[in-house]
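Participant: What follows is each chain in one-letter form.
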Amino acid sequence: MIENSMENRSCFHCGDPCEELILHEGKYFCCSGCKTVYDILNSSDLSYYYELEKTPGISPKIKESKFDFLENPEISEKLLEFDDGKRQIVSFMIPSIHCSSCIWILENLKKLHPAVNNSQVDFPRKTIRISFSNQDLSLKELVLMLARIGYEPSIALDSMEKNEKKEQVGRSLIYRLGIAGFAFGNIMFLSFPEYFEMNEFWLERFKHVFRWLMFAFSLPVVFYSGWGYFTSAYKGLRSGILNIDVPIALGIAVLFIRSSAEIILDLGTGFFDSLSGLVFFLLLGKFFQQKTYSFLSFERDYKSYFPIAVTRLTGDSQQEEQVPVYKIEEGDRVIIRNEELIPMDCVVLQGEANIDYSFVTGEAEAVAKKSGDKLFAGGRQQGGIIEVEVLKPVQQSYLTQLWSDEVFSKDKRSTFQSLTDGISRRFTFAVLSIAFIATLFWLLYDPSKALNVFTAVLIIACPCAIALAAPFTLGNLLRIFGKKQLYLKDASVIEQMAKIDTIVFDKTGTLTTSQKDKITYEGLELTEEELSLLNGSLRASNHPLSRSLYSILKKNQITVPEKFEEITGSGLQTSLPDMSLKLGSKGFVKPVVQTGGVLVDEEEMSNNTSVHLSFNDQYKGCFSFQNSYREGLTKVFEELGATRELIILSGDNSGEKERLEALLPSGIKMFFDQKPADKLQFISELQKQGKKVMMVGDGLNDAGALAQSDVGIAISEDINVFSPACDGIMAAKQFFKLPRFMELSNQAIRVIRWSFLLSLCYNLVGLGFAVTGQLMPVVAAILMPLSSISIVAFTSLATQLIGKKLGDKKQS
Amino acid sequence: MTIIYLLLSISVIVALVFFIAFIISVKKGQYDDVYTPSVRMLFEDELVKPESGKNQSLNKVKSS
Numbered sequence: 001m002i003e004n005s006m007e008n009r010s011c012f013h014c015g016d017p018c019e020e021l022i023l024h025e026g027k028y029f030c031c032s033g034c035k036t037v038y039d040i041l042n043s044s045d046l047s048y049y050y051e052l053e054k055t056p057g058i059s060p061k062i063k064e065s066k067f068d069f070l071e072n073p074e075i076s077e078k079l080l081e082f083d084d085g086k087r088q089i090v091s092f093m094i095p096s097i098h099c100s101s102c103i104w105i106l107e108n109l110k111k112l113h114p115a116v117n118n119s120q121v122d123f124p125r126k127t128i129r130i131s132f133s134n135q136d137l138s139l140k141e142l143v144l145m146l147a148r149i150g151y152e153p154s155i156a157l158d159s160m161e162k163n164e165k166k167e168q169v170g171r172s173l174i175y176r177l178g179i180a181g182f183a184f185g186n187i188m189f190l191s192f193p194e195y196f197e198m199n200e201f202w203l204e205r206f207k208h209v210f211r212w213l214m215f216a217f218s219l220p221v222v223f224y225s226g227w228g229y230f231t232s233a234y235k236g237l238r239s240g241i242l243n244i245d246v247p248i249a250l251g252i253a254v255l256f257i258r259s260s261a262e263i264i265l266d267l268g269t270g271f272f273d274s275l276s277g278l279v280f281f282l283l284l285g286k287f288f289q290q291k292t293y294s295f296l297s298f299e300r301d302y303k304s305y306f307p308i309a310v311t312r313l314t315g316d317s318q319q320e321e322q323v324p325v326y327k328i329e330e331g332d333r334v335i336i337r338n339e340e341l342i343p344m345d346c347v348v349l350q351g352e353a354n355i356d357y358s359f360v361t362g363e364a365e366a367v368a369k370k371s372g373d374k375l376f377a378g379g380r381q382q383g384g385i386i387e388v389e390v391l392k393p394v395q396q397s398y399l400t401q402l403w404s405d406e407v408f409s410k411d412k413r414s415t416f417q418s419l420t421d422g423i424s425r426r427f428t429f430a431v432l433s434i435a436f437i438a439t440l441f442w443l444l445y446d447p448s449k450a451l452n453v454f455t456a457v458l459i460i461a462c463p464c465a466i467a468l469a470a471p472f473t474l475g476n477l478l479r480i481f482g483k484k485q486l487y488l489k490d491a492s493v494i495e496q497m498a499k500i501d502t503i504v505f506d507k508t509g510t511l512t513t514s515q516k517d518k519i520t521y522e523g524l525e526l527t528e529e530e531l532s533l534l535n536g537s538l539r540a541s542n543h544p545l546s547r548s549l550y551s552i553l554k555k556n557q558i559t560v561p562e563k564f565e566e567i568t569g570s571g572l573q574t575s576l577p578d579m580s581l582k583l584g585s586k587g588f589v590k591p592v593v594q595t596g597g598v599l600v601d602e603e604e605m606s607n608n609t610s611v612h613l614s615f616n617d618q619y620k621g622c623f624s625f626q627n628s629y630r631e632g633l634t635k636v637f638e639e640l641g642a643t644r645e646l647i648i649l650s651g652d653n654s655g656e657k658e659r660l661e662a663l664l665p666s667g668i669k670m671f672f673d674q675k676p677a678d679k680l681q682f683i684s685e686l687q688k689q690g691k692k693v694m695m696v697g698d699g700l701n702d703a704g705a706l707a708q709s710d711v712g713i714a715i716s717e718d719i720n721v722f723s724p725a726c727d728g729i730m731a732a733k734q735f736f737k738l739p740r741f742m743e744l745s746n747q748a749i750r751v752i753r754w755s756f757l758l759s760l761c762y763n764l765v766g767l768g769f770a771v772t773g774q775l776m777p778v779v780a781a782i783l784m785p786l787s788s789i790s791i792v793a794f795t796s797l798a799t800q801l802i803g804k805k806l807g808d809k810k811q812s
Numbered sequence: 001m002t003i004i005y006l007l008l009s010i011s012v013i014v015a016l017v018f019f020i021a022f023i024i025s026v027k028k029g030q031y032d033d034v035y036t037p038s039v040r041m042l043f044e045d046e047l048v049k050p051e052s053g054k055n056q057s058l059n060k061v062k063s064s
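So the protein sequences, as listed, match chains A and B. Following this note's numbering, the numbering of the first sequence begins with 1 at its first residue and continues without gaps. Following this note's numbering, the numbering of the second sequence begins with 1 at its first residue and continues without gaps.
Chain B with its partners taken away, still in its complex shape (with noise of 0.2 Å):
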């Protein structure tokens, strides 16, 4: 049964390893904006062909 303070110390070094994320994560700023990145991972990275995107805000345009 002495595996229990293997176990235990294992859990212990497993929560201490989040809880310094967290602290870091809090550190570094992430706390302070928690609105803008949940709109910022929504825009596509790159626009795959500008003229495709040109036309159809045209037609979106003519459309309306």
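Bound conformation, chain A alone (with noise of 0.2 Å):
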């Protein structure tokens, strides 16, 4: 009775359901962090914290030794954004901020500590940007005090590296669009005068101002606005692509060119506005492409993870110090401490290391290891301090060298021919044609039209409305797959995505979970007594496996142990008075005697985790579990298999062969102890023969895979926390949605074709104006527009269409 209603509480703090009561001012809390921050903004008059959300923190878990690295000068210097001395600015990439309460407690870090100036958030980016006095706050008590109420930063080898370039670039589409929308604006009041009145006596007076003042503001347009459009179209041309930009460089061009001459020589009016509009609503369609997701990387390498500094023991009296990673040299002697991630290959040396490879190959089940054994970087230790003797520095690591691999600096997007270049290729030799023939039919005909038409058809045939087709698709697209968790690069993975015709799988952690929930008891039956200890021991422990198995376990009763011990790396320990529990690995729970009980079988044991137990040092068995694969699995492989070769690649050994078989549909390759370069090897092998991969991955060993693969996707169980460098990455709990997000991205592929077809119309209709002379700007200036929303409100409604489809299948 007690039990449920403990297991309904939640915790005031943070929501977690709370496991081990804290009862505080009248709210429960579920661990002592939880209750400390409660206490720290409670005390400090922050409670308003909790009016904003319900439940709105993150429980903290803290280690102080696992920031002493900033008190390293060469690396807090690093980290500092400013610093003169008396004031340090420094931003953190705070992964938790997940709510308006977050921003709000940030946001007043100040009340917390006077040495704090200033805090700002970037909320889509989860970063804050803090300006503090040194003098009353190092850099270290400032992460401290953050990470005590439960924002702990995230600071890897790449926060050195400042990134302010890629803000420049995001930065020049505004200022090129906004010129653009300004020049165009002003543009048009000043054309539109004479759209009606030609003959008037006071526009012919003051006609020559307004067109020069066009003039003025078509200069920025085309110099400054639409300038990408012919650097791109020259180096389309100087590697043999006709892409889509060549015939908008064209026609800006020639737009340009003819309206100048036209008022220089007292002509006509110009079409300055058409040519204004024209770069604005390309420019408008970039930017609507550009949809990002800023507070996903999809460039990360290992740099991303692993740690800035470690610690280092130098001379004969063991001093500990903290040193960069990267001056690691070959030799060196490092202490590797409990949640540490080992930057470099390293032969242990003393203490037991418990390695947890999850971050290289998606596989979460500790490994352990004993001294003189081979480490790898990558793992992270869990359990008690390591000494280890570095074989490899950082760079050189049989992980990290696979990032030297040239298709980490190679460029995807370069060789990838998208549907609009395909198209533009085949349009700008037709609208040539037609210009040439148009103009020699009136060379023959009336000579003195024949400039006027060869230019007009060039202006009228401006694939505005083709280059805006595919940017408001697939951006359109790309918001309705982030809103399905499946965040992608950019847009033009959508079109990879429709051309695939092979999907390679990793196995461990992308088709199975990596929490391992199939749980099998093989061993002695245990009596009541005994289930209740256990259970009431398995409460009390906070490993990832207690935990697993507890929530699996039948509850009837449950007893406090009166002793608890947890061993770390081992196992537990916990008594009665009249009764003992162990609890874990093999070698803890059964001691040299081996008394008795179930043997088990040592090559089962080597493909799955188990917990041995004894009672009163009686070994009782053992509790197995297994990865258990992802939800719909068997579906997602029928529906993809129907139209696209499978195949699964694993870093494992063929352990899991059979089950796999019996679970997919046949014809499915399965390759595996792959290594990761390997696989990429695999992946650039099956490009070789003509076929699109995409491949599916989720673990650092994947790196190579995805990024040679034309679509790689990261599968990720915590968007926020970890994926490789990929093209896309998605929530784990979406996969079984695959197979319609891959028939979405045909759908779009289809609505372009559409909207070709229809920009085209619009093309015909203004070409029968041009061809025969009779383009009057007036003319030009409605048609420009009029096809370019046309066409954005068809692609917007097409796309909302299909879009819904994916949420409606959801459900059903």
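It is worth saying that the hints were derived from the structure and are not from the lab. You can trust all of the hints, since none of them are fake.
Okay, derived cross-link-like pairs now, DSSO-like style, lysine-lysine, Cα gap no bigger than 27 Å in a straight line:
1. Lys126(A) with Lys28(B)
2. Lys86(A) with Lys28(B)
3. Lys27(B) with Lys78(A)
4. Lys126(A) with Lys27(B)
5. Lys286(A) with Lys27(B)
6. Lys110(A) with Lys28(B)
7. Lys78(A) with Lys28(B)
The two chains are supplied separately, each in an independent frame; assemble them into the complex guided by the hints.
Facilitator: Here you go:
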């Protein structure tokens, strides 16, 4: 009864269900960390935090020594954005920022500590910029304060590299767009009078002023806003591709030259309105397509995960010092603490290593290593402190060497020809031939009009609407995908997805869940008392295996053990006056003497994780944990396999082969024991056969394959925490929707095709005016925006419709 | 009608003023984060009575 009511309580601070209840000031907390945060906030009059959102917090888990490296001036200097000796400014990425309360509390840091002058949160990027006076507050203290209230900054090797360049690119488009819009609006005003009254007296007198003003406004449009089209067209031509920017650049150039000639020679008003409108709409399309998920990074490599510094032992006196990771050399001796990531290949000297390679392989189960064993970079130590000797420094380690492969320096998109580029080649040829034929005709018929017609054709055929179709369709779909938790790097990935004919899956962590929730018990039956003590002991343990075991066992009764001891890396030991329990690894539970019981098959053990238990030193049996496959896996494979080739590429041994074969439709190739470099090689072999390959993976060991493939999708249990470099990040729980996403990208291509057709109709109408030599500026000024707007409307509606399908099918 | 020169120059100057304001705002980073300010503006500036705030939150928990 009591247990039930406790289960239903959730923590006032973080909202987690309370397993161990702390009652404090009439509120319930799940751990003393949450209680402390509440106290801190309350004592600083910051309890408004809880008014903004219900249970906004994050349960804080801090280890003070973790941030010792911030005391090293060399490291802190690199992290700081600004430092004048008194005031320092620093920016952190804080993955746990998730609601408005977070913004509020982080921007009120100055109330928690007077030395903080100002702090500003960028919510979409999940970053905070803090300015503080370093005389009263050191960088380390600041980070600890953040960690203590549950907002631990993530500081990794790449925090030291400032990425200001990226921002500049984003802003430059805003400038271009702003200038084009500004000029467009003003030119429209100025050209309006001449649309209607041609022979009015005052207009005749002032029209030159109007025209020259328009000319002045159009200069920045052509030479700043639209300049990108000229450079892109030039680049395309030089590499032999007629991309969509070629006809656009041609159109802009012709528009500008003809309009300037017209006003200089006093022949007419020119097409400045169409010119600026064209550039404005095109840039708008670009802006729309440029939806980026700023809180995600698609360029992450090992640097985003590796620590900045490690503890090195120096001299004979074994002094510990914090050293930047890139200064570590072969032969150095390094201390790795609990939960620390090993940034280099090394050999264990002392201590019991228990390494979790989930970053690398996606496999969450920790591997025990003894002194003398080799450790690879990328593992995370779980358990006590170990001392290791470095074999290979960071840049040369087994894992990081993968990044020296040229795949990572090559830009994937430069080799990809988009649908728009494909159509633009034919389009450009068609337009140019029409222009020449029409000019030839007029040269024979009425030479005075020939030049007029030639330029008019090029102007009206400027493929504004075609160039807008893809950005708006794909940009819109990108947003729809994003809502369904498939975050793509950019819009061209959707086009790539539609072309995929081969999909390669990683096994562990991609097809399987990282939680081990399939548990089987083998051994002697447990009595009621034993079960209740087991439950009580599990409840008190924080180990992930204990947690999942606890959640599965039936809880009839719970006996809280009197003595509780958790031995990190091996297991736990609890006791009542008349009973004792040992739970954990085989070596820990079953000491030297084997007390009969069930002998577990050694081979089976190597594939599964197991927790052994004994009561009163009597071995009882073990719980085996198995990876379970993701929900809907069979269906996903059936649906995708209907039209595409599916391959499984696993870094593990072939132990699971039979289970997979039983689960999946037949005809799926499986390859096991693949090293990271093998995976990369495998993908490129497929590509050499002319296949369009999509790689679905999760760990850093897939990074090479993800980069090499045409589309690399990373599956991630927690979007904010981890993903290797890729083209798209997909929330693990959306895995079953993969066929839908593929289908949708195919439909998007169809929408783009239809809008091409639509815009061709507009072009034909326009060409009708142009070849007959009747193109008035007002016609161009109406036709151009009309076609653009209708294309935008069509694509938005169409994508919204097909996007709806995604939602509907989810419910069924 | 030469007043039109004056009107034109005024309209262009006004447009330019806004344009420059836009450029400055981009430069200062106002367009780098377009989401957070929308949340920030809804916060109370100061808690007038922290005591009453505390009681409110207490009541909330009790009632829920």
